[in-house]
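Chain order of the listed sequences is A, B, C and D.
When we follow this note's numbering, the leftmost residue of the first sequence carries the number 1, and every step to the right adds one.
When we follow this note's numbering, the leftmost residue of the second sequence carries the number 1, and every step to the right adds one.
When we follow this note's numbering, the leftmost residue of the third sequence carries the number 1, and every step to the right adds one.
When we follow this note's numbering, the leftmost residue of the fourth sequence carries the number 1, and every step to the right adds one.
Simulated from the structure, these hints should not be mistaken for lab results.
Owing to the predicted nature of the structure, the values given are computational and were not obtained by experimental measurement.
Among the clues, some could well be false.
Said to hold, decoys possible - List of simulated lysine-lysine pairs, BS3-like, C-alpha gap at most 30 Å:
hint, chain 1, residue 1, chain 2, residue 2
1, B, Lys144, A, Lys56
2, B, Lys231, A, Lys89
3, B, Lys209, A, Lys89
4, D, Lys84, D, Lys58
5, A, Lys134, C, Lys11
6, A, Lys89, B, Lys52
7, A, Lys162, B, Lys278
8, A, Lys56, B, Lys146
9, D, Lys84, A, Lys130
10, A, Lys89, B, Lys123
11, A, Lys162, B, Lys249
12, B, Lys408, B, Lys377
13, A, Lys56, B, Lys191
14, B, Lys183, A, Lys89
15, B, Lys231, B, Lys249
16, A, Lys130, C, Lys11
17, B, Lys385, B, Lys407
18, B, Lys191, A, Lys78
19, A, Lys134, D, Lys80
20, B, Lys81, B, Lys231
21, D, Lys234, D, Lys218
22, A, Lys130, D, Lys58
23, B, Lys231, B, Lys52
24, B, Lys209, A, Lys78
25, B, Lys140, A, Lys89
26, A, Lys89, B, Lys191
27, B, Lys144, B, Lys123
28, B, Lys140, A, Lys56
29, B, Lys228, B, Lys81
30, B, Lys107, B, Lys123
31, D, Lys80, A, Lys130
32, B, Lys191, B, Lys107
33, C, Lys11, D, Lys58
34, D, Lys88, D, Lys31
35, D, Lys58, A, Lys134
36, B, Lys52, A, Lys162
37, B, Lys81, B, Lys144
38, B, Lys52, A, Lys56
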Amino acid sequence: MGGYIVRRSLLSIPLLLVISFLTFALSHLSPLDPAEAVLQAQGVPRITEELIAATKAELGMDRPFLVRYADWLVSSLKLDFGSSYVTGKPVWSLLGPAFANTLKLTLISVVAIIVMSIALGVLCALREGKWTDKSVRGVSFLLTAMPSYWLAALLIWYFSVKLDWLPTSGMDSYLSYVLPVIVLTINYAGIYFRVVRSSMLSQLNEDYVLYGRACGLPERNITMRLLRNSMQVAVSVFGMAIPILLGSTVVVENVFAWPGLGTLTVNAILGRDFPIIQAYVLILAAAFVLFNTVSDVINAALNPKLRKEL
Amino acid sequence: MSKTWSTGLIAFIVSIVVLAGCSSGGKEGTGGASDSGGGADPVQELVYASAKDINDMNPHLYPGSMPAQGIVYESLVENTKDGIRPLLAESWDISEDGTVYTFHLRKDVTFHDGEPFNAEAVKLNIEAVLRNAEKHTWIKLSAKIKEVTAAGEHTVELKLTEPYYPALVEMSMTRPFVFISPKDFIGGETKDGVSGYHGTGPYKLAEHKTEQYAVFEANEHYWGGAPKIRKITSKVLPAGETTYLALQKGEVNFVFTDDRGADSIDVEAMNQLASSGKYQVVRSEPMNTKMIVANSSRADSPVSETAVREAIWHAVDRETISKSIFSGTETAAETLFSSNVNYADVKLEHRSYDLDAARKLLEDAGWSLESGEVRTKAGSPLSMKLYYDVNSSSQKTQAELIQSTVKKIGMQLELIGEESSSIANRRSTGDYDLLFNQTWGLAYDPQSTIAAFASETSYYHTTSGIARAEELYRKIDEVMVSRDEASRQALYADILTIVHEEAVFIPLTNGSVTVVAPAGLQGIAFKQTQFELPFERMYFE
Amino acid sequence: MNIFRNVWKDKLAFLSMSVVAAIVIVGLFAPVFAPHDPNEANMELRFASASWEYWLGNDHLGRCILSRIIYGIRPSVLWVFVALAASAAIGAAVGFLAGYFRGRTDAVLMRICDVMLSFPGYVMSLAVVGILGAGLDNILIAFVLMKWAWFARVIRTSVMQYAEADYVRFSRAIGTGHIAIMAKHVVPVSLPDIAVASSSAFGSMILQISGFSFLGLGIQAPHAEWGMMLNEAREVMFSRPGLMLAPGLAIVIVVSAVNFLSDALQTALDPKLMKSGKKRQEQAAAASARLEGREVA
Amino acid sequence: MAANVLEVSHLHIWDSHTGRTIVPDSSFQVKEGGCLAIVGESGSGKSVTCRAVMRLNKNGVRHSGDVLFKGVNLGELPEKEMRKWRGKRLCMIMQNGMRAFDPSRVIGAQCRETLAQHYDWSRSDIEAAVIGAMERVMLKEPASIMNKHPHQLSGGMLQRVMIALAIALEPDLIIADEPTTALDAISQYEVVEQLLRLREDLGCSMIFVSHDLGVVRKVADEVMVMKDGEIVEKGTSEAIFSEARHPYTRYLVGSKQALSRHFNRIMGGEAVAHR
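Extracted from the complex, chain A is given alone in its bound form (with noise of 0.2 Å):
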């Protein structure tokens, strides 16, 4: 077990390294030359030939591509992206209090898509087939067609217009948590249900269930062994849930006027804020192959056939 975590944890780090490539290439294919990227990021009025070149010294953009590269990735390793061009400060800086707001966030909604997701998931595996079994899936097919927006805009005309029980954006109580966490749930639980449910399915006519029952066990135990056995094949669907919604909370971030990621690269891509979208890809690409390699590694620990594939 121990070799096997060694051998994909090694394998993801030239994957890191073509990520981190690719994401710092990917700002030197703007049609904007970055020096004036940063002048106009900055809200000079006025952009002349000397001040590009300057500003291009000053930022170290005349040093060769591949210098500047191995530069960059070996102080983003330390959390150095740069300074924003738009304000000056440390790229960290910025993202740093961004990354925990989604990150809570994202955090809190993974829980309830998690708990929502597994209970809606085993009732309707126990009555697959059933008036609750279809009912459910077919709300849960419409709540999962509704743009998030669209949703999140409903929601707040409803609990914060009409009932003015909740904050309308931004997040400043327990109580900002609420709608966000709620349109993450519905739409990405509708999706994962699917998953437990699924997957329960596919345990429903092991043996070991009938054999459980001929022992005279009560229900409650039977489900209790579905649910621990086909969490198997969740768990890695869950550990990925966290970096797919570390990335897709732009929406709704905007609409709740989240202080999060997503408003702040929204921001970064609209002033063409580079080092900003290069940090924040970077760390979400790596969360990804983090997550990746992790749940490969559960897997692998639940499934020892996996291990001997490496």
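Given the coordinates of chain A, work out where chains B, C and D should sit on it, guided by the hints.
Okay, now just chains B, C and D, sitting in the frame of chain A:
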């Protein structure tokens, strides 16, 4: 072993996540700004909605929010309705030849950090700005200052390389010639950032949570007397409808037209708020003119033809725009400057909304409608690009309306929404056919706006393609140095006539600054620019 | 063809199919179905409510909302479909090569896919749009760039099953060319899998692209697009909430129809897969793999 | 004469989804202390019949007819009561030990869970009972087996764990659904031995499902042959093996004869296996 291990892992992850959730929730509950919303009790506090974060408050650079910088920092003089008035300088003398400005500073001013505001501080600040001159080329004064000297504890001398008539106006602008405590300089400079944001203004920055809010507290030692409004919070609310809700619920209690000229809530919503009795809506007198700028120098585009520009002018239904899009809050503008602007009361022929006239103009200019819906001339279609600020819904609506009307005269407009900074860039590089813009406001009109006609960063590309460009630039140069009122008036009349005849600035409406404030707020006033508001004069009864 | 017969039998699936087909036809022949010019402004009808002439009322420029919804099908559904088809085609090509030839080809191609898949798709689309600039075309490009690898993965898995089938081995043994084998034996049998994979990604792509338009990164005015219409409606959301209804429902209807259809396709394929418990478990794993394609906007 | 512990009459089993009949109409009895073998090819309805007795068929599969267990009609028993009877009075032994246990928990936990369901014993009593039962089925080091996951044990061992569990539960009727099919010859032998001992020790009755006539001959008193859901022949073991009337039975006996010989050889070589 692996099975129990996995179960344990799930439990572990879940518990971590739950813990994280709880702890974060707890923190938010105690440390948040939830109590900052205006309640029923009229506390002396304003929370205004802002589409963007206040950003870097360094007053010698440009990313910061202008309304925020305006209450923290001050300039030596102030541009008011009645001309240039004292601010940090009590008085000033200008030498005979117009090259030496001597400012006598107020003696009772300190920076927010307690540092004295004196000649030395002024010198350090202006010199720091000048050392970063390449970023300030738009403000001509920055290239004309030869030397700053402290002639005494409270006397500063500004030596110019040549006389420059708008010098005081440029000294009055929100940036860059404003003053920050020299203690906040990093290595004697401000161009690479500052360590604090201590100005001399009526408010000081107390707390800033990026992308969330910024809190400004009243400066108790303000030389003009401590302001009555004790606390001003700038809350980031990116979307219009959220702002409306937040106003309704009291999460914010103040909204104003932002520095880009965009209102965060639409007129209808404002009226609803006003009719609820909780809010009042206050509008300034017309401050500027919103317009479409045509790039006359773009030879390969139809927009370089006067007839085409005139046709567009005729195809804009200003009355409808004013009535429907702005619900009458902005009036139709027939000329670049409304007649209440200095020197702008010039007799110019109005081009009314008249599609037939537009068609005739195009027909006469050789643009014929042969087949399809778009006119052509020598094989090329009558098609242009119109850029608008993606964050301004009214610009977008106007653009769509205009696009739909010009279609009737056989003209095709392609609409492109971009960030305001990108549009500013297009204006200075000449990479556009048509774009939305506005004049700079009462403090700057007409002199700064007209000076900008010749400026490469501004409207050079707009004006350089017209037949009488040389004459125009010559007259602009003359008017800047002319010291005789009558000839100045004549020159301005000529200039305005030329750009009007060439139809390069197609006016739309006269814009104003709108404020939505709690019903009980008194003393709501405006400055001469659309970029700032005098919060220090406001109070609750 | 059996699959399609099964889908036919399922009433809900039949309904979904009809809805999707109707929408596609209406979108393709938008000029025929739309009662008005979608871009014609008429300020006198600004925010007018539904009437006999304008069934769904008028928007902030007095344009016919129904016509805009109908024309909006093109970017919101049809162009998304084109992007989907393009990424599925690229993915299928790569998947076929990798799954059929195995060995080194497979390893190299899958490594590339790994790299592509290790980027969070939504984040990357956002970044690509940010760098190339806003616009529907750039979003579609970003989607094709980000999605093909996922298709390649799914299709490879499906091809691998069939490429090892006896008849394929037999064909190989008697010296039939690779291309002939693929065309004759591999492509036809994996088409249903491609259909299932594409249909399951379709709904989420529609959602995501309308989400981009909603953020103002998508299609440019005045062209009608559902996400864009919602964005426009959002500004008057609380004074005229009705405007949010039509485009929102249009999205919900299309996406749920597509999802139901995808589900029906999957179940139609199931009898083959569901016979043994073991296969079913594999299916659950496959479902979870598919899930990544179904990120939500 | 011995009473019947189980009397099944007019059992009709069908799939409610498709309406297909699986078992049209079968009736049979199991004598007190006797062993009835159900023989037939896979898909002939053997397992479905057993599950119908336990009332454990899948959702879609329904049955009608009377199942009398010691005079009580099981079909009329409330589900709660029925659950108490399962395991305690009617015990099942499954074909595949590997899959009969929850793969994610250790054997001991599962045994304890079952016993705790039926006996009001303390944890240590249960432990002792399980260990005792395991020892009786010749499982070495029961304590360490209790701490192992199913995949760490062999099929034969798991089969014997199931038998041990049956011993601890002391049921009136054991239903062994192809308990030897998945095993290699030596494990088969051991398991059959244990089953025989189980009957001797507990004096319980048994339904023994198999398609392996060699094993059946060794274990069963009576044999029932099923084909396509119908009982084609029923009789004592000797009668079936010596003078089968139905052609299908004769075919089965004939075709299995060759294979059985091989099995018998091993059965005869008891001494070798024991060492």
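Hints, verified against the model:
{"no.": "1", "hint": "B:Lys144 to A:Lys56", "in the structure": "26 Å, holds"}
{"no.": "2", "hint": "B:Lys231 to A:Lys89", "in the structure": "26 Å, holds"}
{"no.": "3", "hint": "B:Lys209 to A:Lys89", "in the structure": "14 Å, holds"}
{"no.": "4", "hint": "D:Lys84 to D:Lys58", "in the structure": "19 Å, holds"}
{"no.": "5", "hint": "A:Lys134 to C:Lys11", "in the structure": "14 Å, holds"}
{"no.": "6", "hint": "A:Lys89 to B:Lys52", "in the structure": "16 Å, holds"}
{"no.": "7", "hint": "A:Lys162 to B:Lys278", "in the structure": "18 Å, holds"}
{"no.": "8", "hint": "A:Lys56 to B:Lys146", "in the structure": "28 Å, holds"}
{"no.": "9", "hint": "D:Lys84 to A:Lys130", "in the structure": "27 Å, holds"}
{"no.": "10", "hint": "A:Lys89 to B:Lys123", "in the structure": "26 Å, holds"}
{"no.": "11", "hint": "A:Lys162 to B:Lys249", "in the structure": "11 Å, holds"}
{"no.": "12", "hint": "B:Lys408 to B:Lys377", "in the structure": "17 Å, holds"}
{"no.": "13", "hint": "A:Lys56 to B:Lys191", "in the structure": "16 Å, holds"}
{"no.": "14", "hint": "B:Lys183 to A:Lys89", "in the structure": "19 Å, holds"}
{"no.": "15", "hint": "B:Lys231 to B:Lys249", "in the structure": "19 Å, holds"}
{"no.": "16", "hint": "A:Lys130 to C:Lys11", "in the structure": "17 Å, holds"}
{"no.": "17", "hint": "B:Lys385 to B:Lys407", "in the structure": "13 Å, holds"}
{"no.": "18", "hint": "B:Lys191 to A:Lys78", "in the structure": "26 Å, holds"}
{"no.": "19", "hint": "A:Lys134 to D:Lys80", "in the structure": "27 Å, holds"}
{"no.": "20", "hint": "B:Lys81 to B:Lys231", "in the structure": "28 Å, holds"}
{"no.": "21", "hint": "D:Lys234 to D:Lys218", "in the structure": "17 Å, holds"}
{"no.": "22", "hint": "A:Lys130 to D:Lys58", "in the structure": "14 Å, holds"}
{"no.": "23", "hint": "B:Lys231 to B:Lys52", "in the structure": "19 Å, holds"}
{"no.": "24", "hint": "B:Lys209 to A:Lys78", "in the structure": "24 Å, holds"}
{"no.": "25", "hint": "B:Lys140 to A:Lys89", "in the structure": "29 Å, holds"}
{"no.": "26", "hint": "A:Lys89 to B:Lys191", "in the structure": "13 Å, holds"}
{"no.": "27", "hint": "B:Lys144 to B:Lys123", "in the structure": "15 Å, holds"}
{"no.": "28", "hint": "B:Lys140 to A:Lys56", "in the structure": "24 Å, holds"}
{"no.": "29", "hint": "B:Lys228 to B:Lys81", "in the structure": "24 Å, holds"}
{"no.": "30", "hint": "B:Lys107 to B:Lys123", "in the structure": "16 Å, holds"}
{"no.": "31", "hint": "D:Lys80 to A:Lys130", "in the structure": "22 Å, holds"}
{"no.": "32", "hint": "B:Lys191 to B:Lys107", "in the structure": "28 Å, holds"}
{"no.": "33", "hint": "C:Lys11 to D:Lys58", "in the structure": "26 Å, holds"}
{"no.": "34", "hint": "D:Lys88 to D:Lys31", "in the structure": "19 Å, holds"}
{"no.": "35", "hint": "D:Lys58 to A:Lys134", "in the structure": "19 Å, holds"}
{"no.": "36", "hint": "B:Lys52 to A:Lys162", "in the structure": "28 Å, holds"}
{"no.": "37", "hint": "B:Lys81 to B:Lys144", "in the structure": "26 Å, holds"}
{"no.": "38", "hint": "B:Lys52 to A:Lys56", "in the structure": "28 Å, holds"}
Of the numbered hints given earlier, the model fails none.
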